[in-house]
Amino acid sequence: MKKDALSSLLDKHHKDAFLWALQCCRYQEEDAKDVLQMVYLKIVEGKARYKEKSVFKTWLFSVIRFTAMDFLKKNPKFQVLEGIQVSQEAYSEENEINYRKLLLQLPTRQQQVLLLAFYHDMTLAEIAETTQLSIGTVRTHYERGKKALRELIPNKVT
Amino acid sequence: MKKDQDIKDIFERLKEQDGTEIDIPKFEMPAGKSNRFVFHKTTVFTAAASILLLVGLMMYFEWPVTKESPEDDILLTVTFSLGEEEETEYISEETSISDWESPSDILIQEFEDDTNF
Chain D
3 MKKDALSSLL DKHHKDAFLW ALQCCRYQEE DAKDVLQMVY LKIVEGKARY KEKSVFKTWL
63 FSVIRFTAMD FLKKNPKFQV LEGIQVSQEA YSEENEINYR KLLLQLPTRQ QQVLLLAFYH
123 DMTLAEIAET TQLSIGTVRT HYERGKKALR ELIPNKVT
Chain F
86 MKKDQDIKDI FERLKEQDGT EIDIPKFEMP AGKSNRFVFH KTTVFTAAAS ILLLVGLMMY
146 FEWPVTKESP EDDILLTVTF SLGEEEETEY ISEETSISDW ESPSDILIQE FEDDTNF
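Line by line, the protein sequences give chains D and F. For the first sequence, position 150 matches number 152 in my numbering, and the numbering has no gaps at all. For the second sequence, position 94 matches number 179 in my numbering, and the numbering has no gaps at all.
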């Protein structure tokens, strides 16, 4: 793919890509910026190549996810324990829900599957491609994630 | 109520929250090292295979052919004419040109004939 076409595609998906990078980095903005720059550099230098076998967004999200995972491994100070009880912090004094903190209480896989499905409007097949999991596994995380999220906010959302 | 509407609502509100609280940085394409040649493994393997194939074909067809000098041509002619002379010496009158035997065979035959005496 030519550089100009690639550049315009990346520009088109930039907002979604940044938000996904942010979600993969557990809402650490500076890390998300670093991860996204690393992703763009990988693409420009040809280390990550789009072979047009899948939807561009799916491929881009997959590269972002892998880069973020690698980044978090190399920078363990940013890793947050899964399932940590922050439910008290998820509600402000005005009893407003902080949805981000609420979501962070879920295991990473469940978070990512739900975010890709409901936030980024991906199908289960696309999620499976992005996360490199089988559709069956994705479906399991999807159902468990929804159940867990409902348990976290039983009567808060109408 | 639609299926999973409660979950959809949560994510809709999360989107709204993100929209107001997160600044999306401006898109910038990194310069990278685009002016430099990037050698991928496949490119290197293809180039190596092409060179090997070319060398193999050259060896097979004995190319480049060394130009023979006119002296070599003369030498060849001389050798040929000598061979012809030898043939005529040993071929009997009865044998036709199609029954040609090499000079060495004829010599062996002659030797065997001598032993009979």
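Don't take each hint at face value.
Quick look at which bits of chain D chain F covers, simulated, 3 or more residues with Cβ under 8 Å [said to hold, decoys possible]:
(1) 20-28
(2) 61-72
(3) 108-115
(4) 129-138
(5) 144-155
Chain F is faced by these chain D residues, among others (derived, beta-carbon under 7 Å) [said to hold, decoys possible]:
(6) H16
(7) K35
(8) Y101
(9) K103
Don't read these hints as lab results, they were simulated from the structure. Here a beta-carbon is modelled for each residue, glycine too, at the ideal position from N, C-alpha and C.
Status of the hints after comparison with the structure:
no., hint, verdict
1, 20-28, "holds (count 3)"
2, 61-72, "violated (count 0)"
3, 108-115, "violated (count 0)"
4, 129-138, "violated (count 0)"
5, 144-155, "holds (count 4)"
6, H16, "4 Å, holds"
7, K35, "6 Å, holds"
8, Y101, "4 Å, holds"
9, K103, "10 Å, violated"
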